[in-house]
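Modelling step: build the complete structure from the supplied sequences, incorporating the hints.
Basically the working numbering = 1-based index in the sequence shown + 146.
Keep in mind that the hints were calculated from the coordinates and are not lab data.
Any given hint could be a false lead.
To be verified - Below are the DSS-like pairs computed for lysine-lysine, each with C-alpha atoms no more than 30 Å apart in a straight line: (1) Lys265 / Lys193; (2) Lys193 / Lys164; (3) Lys164 / Lys267; (4) Lys164 / Lys278; (5) Lys278 / Lys265; (6) Lys257 / Lys269; (7) Lys257 / Lys193; (8) Lys193 / Lys275; (9) Lys164 / Lys269; (10) Lys275 / Lys257; (11) Lys193 / Lys269; (12) Lys278 / Lys193; (13) Lys267 / Lys278; (14) Lys267 / Lys193; (15) Lys267 / Lys257; (16) Lys265 / Lys275; (17) Lys164 / Lys257.
As the list claims (entries may be wrong) - Just the calculated beta-carbon pair ranges, DEER-fashion: (18) Lys278 / Arg167: 33 to 41 Å; (19) Glu192 / His153: 20 to 28 Å; (20) Lys278 / Arg175: 20 to 28 Å; (21) Ser174 / Asn244: 28 to 36 Å; (22) Lys278 / Lys164: 34 to 42 Å; (23) Met171 / Asn244: 28 to 36 Å; (24) Arg195 / Pro276: 25 to 33 Å; (25) Glu241 / Val263: 33 to 41 Å; (26) Ala236 / Met171: 29 to 37 Å; (27) Gln248 / His153: 12 to 20 Å; (28) Leu245 / Gln162: 17 to 25 Å; (29) Arg195 / Asp260: 27 to 35 Å; (30) Lys269 / Met171: 16 to 24 Å.
For each residue, glycine too, the CB sits at the ideal point set by N, CA and C.
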Amino acid sequence: MSEPTDHPPILVVDDQEKLLRLVVMLLSRIGFPDVDGASSGEEALEKLRSRRYALVISDLDMEPMDGLTLLREIRGDDALMNTPFILTEASFDFEDINLAHQAGADAFILKPFDIAVLKTKLKQVINRKPRKREAPIAAESTLSQDFPMLGKF
147 MSEPTDHPPI
157 LVVDDQEKLL
167 RLVVMLLSRI
177 GFPDVDGASS
187 GEEALEKLRS
197 RRYALVISDL
207 DMEPMDGLTL
217 LREIRGDDAL
227 MNTPFILTEA
237 SFDFEDINLA
247 HQAGADAFIL
257 KPFDIAVLKT
267 KLKQVINRKP
277 RKREAPIAAE
287 STLSQDFPML
297 GKF
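Here it is in structure tokens:
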């Protein structure tokens, strides 16, 4: 008998249908078969309010609601604020990373995805401790620990 935690439900948000399907397929291939897709921030919020997800993986660059706005909506909602959140994008500049870190992103993954990195990040983020509403926002000095990717800049 497998425990429910073996297959945590994941919500993937990307306004490009092809990419959305690709990520859903990748996740299922690395052991996450329970994946829903949303092609807009609005649709993602609807789904999040009707089902509990263990993780949201969202594209940063979407229209009309981008990934950062979606993240802020989730963090501002008491019922959803602990949902782990990973942002994806083909390239991040420091400003994106800084804003997303302040907004409460748990991780970044560059596209195209490296399967090993994706798997590792998913496990780290899903097993992270829940955030507390009154927790102070970490000083920027923790950025390099939280996002080892920064070393690539």
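* Tell me, which hint numbers fail for this structure? -> Failing hints, ascending: 4, 20, 24, 25, 26, 27.
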